[in-house]
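Using the sequences plus the hints, can you model the full thing?
Residue numbers (our numbering): 1 to 68.
Since the hints were made in silico from the structure, they are not lab data. In this text, a Cβ means the ideal position worked out from N, Cα and C, and glycines have one as well. A hint or two may mislead.
Quick list of in silico lysine-lysine cross-link-like pairs, DSBU-like style, CA-CA up to 35 Å [what the hints assert, rightly or not]: (1) Lys59 <-> Lys44; (2) Lys6 <-> Lys52; (3) Lys66 <-> Lys6.
Derived CB-CB ranges, DEER-like [unchecked claim]: (4) Lys47 <-> Pro18: 29 to 37 Å; (5) Asn43 <-> Gly19: 30 to 38 Å; (6) Gly2 <-> Glu63: 17 to 25 Å; (7) Ala48 <-> Ala28: 35 to 43 Å; (8) Asn34 <-> Gly2: 35 to 43 Å; (9) Gly19 <-> Lys52: 28 to 36 Å.
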Amino acid sequence: AGVSLKDFLVYLQNTMMPGSSSIFEFGAIEQRDNEIMFSVANNKNLKAMGWKPNFGYKKGIEELLKRL
Numbered sequence: 001a002g003v004s005l006k007d008f009l010v011y012l013q014n015t016m017m018p019g020s021s022s023i024f025e026f027g028a029i030e031q032r033d034n035e036i037m038f039s040v041a042n043n044k045n046l047k048a049m050g051w052k053p054n055f056g057y058k059k060g061i062e063e064l065l066k067r068l
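Structure (structure tokens):
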């Protein structure tokens, strides 16, 4: 399962600026007819080489912000 860019950005904003109104205008640009609306990276080959994620994207954002 993947995470949408929208969900990622909303979580990032809420983590960085709790309680603020959205700075993003999702849907402000009209969708093109041939637009790809859902794409997820495949990490199957990485896992086959022994890699595994240490944490999810929310924890990743939190750890990144601690280091800034």
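Okay, the hints, checked on the actual structure:
1. Lys59 <-> Lys44: Holds - the C-alpha atoms of Lys44 and Lys59 are around 21 Å apart, at most 35 Å.
2. Lys6 <-> Lys52: holds, 24 Å
3. Lys66 <-> Lys6: This hinted pair holds, its Cα atoms lying about 22 Å apart.
4. Lys47 <-> Pro18: 29 to 37 Å: holds, 34 Å
5. Asn43 <-> Gly19: 30 to 38 Å: Holds - the Cβ-Cβ distance for Asn43 and Gly19, about 34 Å, lies within 30 to 38 Å.
6. Gly2 <-> Glu63: 17 to 25 Å: With a Cβ separation near 20 Å, Gly2 and Glu63 satisfy 17 to 25 Å, so the hint holds.
7. Ala48 <-> Ala28: 35 to 43 Å: Since Ala48 and Ala28 have Cβ atoms about 40 Å apart, the given range 35 to 43 Å holds.
8. Asn34 <-> Gly2: 35 to 43 Å: violated, 21 Å
9. Gly19 <-> Lys52: 28 to 36 Å: holds, 35 Å
When held up to the earlier numbered hints, the structure conflicts with hint 8 and nothing else.
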